[in-house]
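K.L.:
Residues per chain, in single letters:
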Amino acid sequence: MIDKHLSTIDRRRLVKPSAYGGLVIILFLLPLFIKSPYWLHIFIITFVFIIATVSLRTIVISGQFPLAHAAFMGIGAYASAVISKELGWSPWLTMLLGGLVATGIGVLIGYPFARLRALYYAMVSLFFGVGILQVFSVFQKWTGGYSGLMGIPRLLPAATSKLPYYYFFLGLTTICLLALYRFEFCRIGMALKAIAQSHQVASSVGINEARHRVLSLAVGCFFVGLAGAAYAHYNLTLSYTSFDMLATLWLFMYALIGGIGSFAGPIVGTAVLFIIPELFRGLKEFLPYLSAAILFIVVFAMPQGLVGLPQLVRLWFTELRKRVTHAS
Amino acid sequence: MLLEISGLTKYFGGLAAVSQLDFHVNKGGISGLIGPNGAGKTTVFNLITGVFPPTTGRVTFDGIDVTGKKPHVIAELGIGRTFQLNPLFADFTVLENVSASFHLRPKSSWLDAYFNTATYRRNEAYILEQSLEILQLVGLDKVKYELAKNLPHGYQKMLGIARALATKPKLLLLDEPIAGMNPDEIAFTLKNIRKTQQQGVTFLIVEHNMQILDLCDRVVVINFGQKITEGLPQEVRKNKEVIKAYFGG
Amino acid sequence: MELTATTFVNMLVLSSMYILVALGFAFLFSIMGILNFAHGVIYMVGGYICYQFAVEYGLNQWISLLLSVLIVASLGLFLEKFCFRPFFGNLNRTIVVSIGIIVVLENTVNILVGTSTRSLPAFIPGVLRVGATSLSAERLVTFIIGGALLAATIWFIRNTKPGQQMQAVSQNVEGAALQGISIHRVSALACVMACGLAAVAGCLMGAFLSLTPFMGDYMLVKALELVILGGIGSMGGIFFAGLIIGSLDATLPLFISGAASQAIALGIIITILLFRPQGFFGREAK
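Here the protein sequences line up with chains A, V and W, keeping their order.
Position 273 (the first sequence) corresponds to 273 in this note's numbering; numbering is contiguous.
Position 235 (the second sequence) corresponds to 1235 in this note's numbering; numbering is contiguous.
Position 18 (the third sequence) corresponds to 2018 in this note's numbering; numbering is contiguous.
So here's chain A without its partners, still in its complex pose:
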């Protein structure tokens, strides 16, 4: 009987777990068909950003809008890059350290910021993110200044092509998403969503709002920091403009376009906005207009984001059928 009830709660999830499994298999087999290093690179970048946007959403479900998320990606990236470059430690270790540094800073600001309500939290986070970037610039000696940080140790020194990196990032993304998925759909995630809907009621049933908000921030920061660090050891150079306020806004945008109401939303949004423009590379400098067009179409026509598309299409067909039967 319990299973029956749990399965009805399950039905509310837009994308079944089996669909994710199928997707991973497809992506695993993809390099058999797509061998171009350029496309492998695109997929790798997409994977990194998927971790970033899904971890962003993990924070958003608690009702907080962390407008410094890209800055935390930068914190993880620079921490890992600098430690491995200066101290010679293995990138595999410093990657995790990068995530932990991001978490640490997130917890540090999480507690004082947790007393702020939605809009104020968002703005203070935004200022913090901008401030972090300035701090990167102040410590140019280590972070590399405007020309960027170069000479970052490779993650896979023996690799002669992008293929091993592709599988590494596919694996990393799968593990991170599994971790974040579990986080959201266990009681912790439920408590976070409760706080987001009514912090008054949540407190009155014993949910410690501050601790939970800090937890969601810590988890979100860890994964985005980890993703940033992994990216650093793949890309081998870093420049802080990659992590500025606009970068955070883009992360929000990928998540919102895909549909921030569901776990699959950020994944879909990121994938669409990275891969579709690449298919039209011939447009060259007019390419950003295509991205903007996708944005505008989704925001005007799809209130639930891209994940709501099947539902919209279904509704459209039902409308169409109704009209046809009425006409005849």
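Hints may be right or wrong, so weigh each one.
Derived lysine to aspartate or glutamate pairs resembling DMTMM-like cross-links, with alpha carbons at most 20 Å apart [stated by the list, open to error]:
1. V:K1027 / V:D1214
2. V:K1027 / V:D1065
3. V:K1191 / V:E1133
4. A:K193 / V:D1112
5. V:K1107 / A:E278
6. A:K193 / V:D1091
7. A:K35 / A:E278
8. V:K1240 / V:E1230
9. V:K1144 / V:E1129
10. A:K193 / V:E1146
11. A:K16 / A:E184
12. V:K1070 / V:D1091
Keep in mind the hints are simulated off the structure, nothing from the lab.
Source: prediction; values computed, not measured.
Here the structure of chain A is known, so what remains is to put chains V and W in place on it, guided by the hints.
P.N.:
Only chains V and W this time, still in chain A's reference frame:
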């Protein structure tokens, strides 16, 4: 004495919302806190449950000084409440609303929850069972998969009470539980309150609808943040000051 | 002495320019309920349009400024009608829309002008001698224009009917509508004003500093700082915060690097907001 309020005072700016309030609630009874609109009743609830601290005064619950403690701590100590405007977890289903409210008892640690340990699974099964029971008690069983925001008003109020019951409180504070209900719903709610009281829950009910007096063992009347009188319902009903407060000189 | 005088003038220039942009941003937020993240880009576009007319086409610089204002204001009208009005009050959607606008405008500037740093020549070249010190005439004029525009805007809001309608809408949309105020006209007016003011600031700052593709992001952050620190809903707060932040930005870099002064200024702002989220004069939140 389960709950004791002494010298409770709260100033907002220069205005005293509650002033030198003293009263107590006995274990096992149903007490009423009544007064006209704006008398400060909800402020008293907010002070008891830690939404904001009092300017001066003390709140003692079950022998423990709980003055100014945070709301989730108060909940843990055994005080549950509903809210006047009845906020709910709007995007959760009715069932989820109640099961989310079982946060305290039984308590699963974060690690238990994340790694789906045997303890967690056991707790969740228990929570599900209890949630269904509560929903049956308050008559919301048939709509358990509906989203809370789609429920009609009376059902939403019932859900608010169900949610508060999930915390297994020793003392339940109800803020205007029958406001906006039709007579059938009112009778149903009053019956449920009596039933729950018999299971050992103490009630403190805020209302400005005098109908609630029928249910209470004792009533405290306040106006302008100060106590006017207290006593048995029938005494209070006839009290001249109370009549003046409600209907004017 | 000269350094102090120059710094003082810099402070006035920065403050007035920040306030010009922040005020427009605040209008959009309080009247239309949107956080227009594209406001920084609009400011940048204003500067670049002036550059196009003045440097590429050789028109008189003041006329270029006026043309820029006209074009950007019309752009504001267009944006209000097609991009903002459909999402009145819906923060999520307007973030996405603003980013769309940022992408389109930034890319257009990239295509037409390229990404290198440009400089607008001074509107009024030369220096002025005041006693023993010489001050850049340009900067004084910038401040005077900025200050005059701000004064005019305040006068407009307080003393004209459209201005008072704007106040009404910003306080209570439904109430204003019930009084017969056309919300659409008010929001269109607010958007036109906001964009026009931003364009002026863009042109003047383009001459004061330089034109870069990043100047918009920088100014957006400044506008947000002023609005949040000053307090949502308070024009006086924006002025007060503008003076403070303008002073910090004009004086700190004399002692420490630019990035460090920004970091310190932001640290101060964050600390203040943690203790007083509603800013200096904002309505009590929580």
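K.L.:
Now tell me, hint by hint, if it's right for this structure.
P.N.:
Here is how each hint holds up against the structure:
About 19 Å separates the Cα atoms of K1027 (chain V) and D1214 (chain V), which keeps this hinted pair within 20 Å; it holds. For the hint pairing K1027 (chain V) with D1065 (chain V), the CA-to-CA distance comes to about 17 Å; that is within 20 Å, so the pair holds. Distance hint between K1191 (chain V) and E1133 (chain V) is fulfilled; the C-alpha atoms sit about 16 Å from each other, no more than 20 Å. Distance check on the hinted pair: K193 (chain A) and D1112 (chain V) sit about 19 Å apart at the alpha-carbon level, within 20 Å; holds.
Under the criterion of a C-alpha separation no larger than 20 Å, the hint pairing K1107 (chain V) with E278 (chain A) is inconsistent with the structure, at around 49 Å. Between K193 (chain A) and D1091 (chain V) the CA atoms are separated by roughly 9 Å; this keeps the pair inside 20 Å, and the hint holds. With a C-alpha separation of about 15 Å, the suggested pairing of K35 (chain A) with E278 (chain A) holds against the 20 Å cut-off. Under the criterion of a C-alpha separation no larger than 20 Å, the hint pairing K1240 (chain V) with E1230 (chain V) is consistent with the structure, at around 13 Å.
With a C-alpha separation of about 13 Å, the suggested pair K1144 (chain V) and E1129 (chain V) falls inside the 20 Å cut-off, and the hint holds. A C-alpha spacing of about 17 Å is found between K193 (chain A) and E1146 (chain V), which places the hinted pair at or below 20 Å, so the restraint holds. With a C-alpha separation of about 15 Å, the suggested pairing of K16 (chain A) with E184 (chain A) holds against the 20 Å cut-off. Pair hint K1070 (chain V) plus D1091 (chain V) does not hold up; C-alpha atoms about 25 Å apart against a cutoff of 20 Å.
Hints 5, 12, counting from the list given before, are not met by this structure.
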